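Visitor: All chains, full assembly: derive it from the sequences and hints.
Read in order, the letters of the sequence shown are residues 0 to 224 in numbering that gives the first Met the number 0.
Hints should not be assumed to be uniformly reliable.
Stated by the list, open to error - Computed cross-link-like contacts, EDC-like style, restricted to lysine to aspartate or glutamate with a CA-CA straight-line distance of at most 16 angstroms:
no., residue 1, residue 2
1, K123, E56
2, K123, D164
3, K132, E56
What the hints contain is simulated information worked out from the structure, not anything from laboratory work.
Quantities reported herein were computed from a predicted structural model and do not represent experimental measurements.
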Amino acid sequence: MKREKNFYYFLTMIIFIICFTTSIILACRTIKVGKLAVGASILFYPMTYFIATLFAERYGKEKTFMMFNYAVFALIFMAIMLTITSCIPIYGAYDGLDKIFNIDFKLIFASILAFYASQFLNLKIYYYLEGYKGFKFLISGVIAITIDSFLFIMLSNIGVLSLGDSFVKFINQFIMGIVMVIFYTLCFTYLVDSVIKSNKKELEIEKPKVKKTTSKKRTTKKETK
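Guide: Right, dumping it as structure tokens:
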């Protein structure tokens, strides 16, 4: 059982960190979804709320905040490595990866600030609300993605876009973010129920073991007397 717990613990943490760091790289690319021009990260970043809530349901909030710190450390480390790599001359012709390797540290700062604020709000609101878990995740996710999109776009575009253009970009990102949160809510509801059921089964299995060990101790005490 301990091996299984460790496996799911580290697997979930790795997926979360990959999803977060990859989203920051994708933030450099603007895509068009219908009539909306949005950052490519909006398709995958809301998944971090989904994974964080699942992780908190199984392992608690303290370990979840530790996971946030690991993700930020991984992002900073990745940015440093990409920056060092960008200083080395490219062999041969133009490879088209300049935007990926030329990391803007203003973007990193904006993403870290937005990340902490939105993830903290997501968990706080989720645990504050009562009722159906899917509804709780939907409300907390919408509020979190709103704060995240606003902070990230406004801070990362200072001196690049005008205030009006930044606000238009925020509105597009916000609309697409809500769509993705609704999508992940459908996935979340089923998975959280399965996680809670598995936790209950584990507790039911562990309780009889505790009773058996206590009964064995009593019998050994009687024998010694």
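Visitor: None of the hints should be skipped; say for each whether it holds.
Guide: Here is what the structure says about each hint:
1. Between K123 and E56 the CA atoms are separated by roughly 13 angstroms; this keeps the pair inside 16 angstroms, and the hint holds.
2. Using a Cα cut-off of 16 angstroms, the hinted pair K123 and D164 is violated, with the two alpha carbons roughly 31 angstroms apart.
3. Taking the CA atoms of K132 and E56, the gap is near 11 angstroms; set against the 16 angstroms cutoff, the hint holds.
Against the hints set out earlier in the document, a violation occurs for number 2 only.
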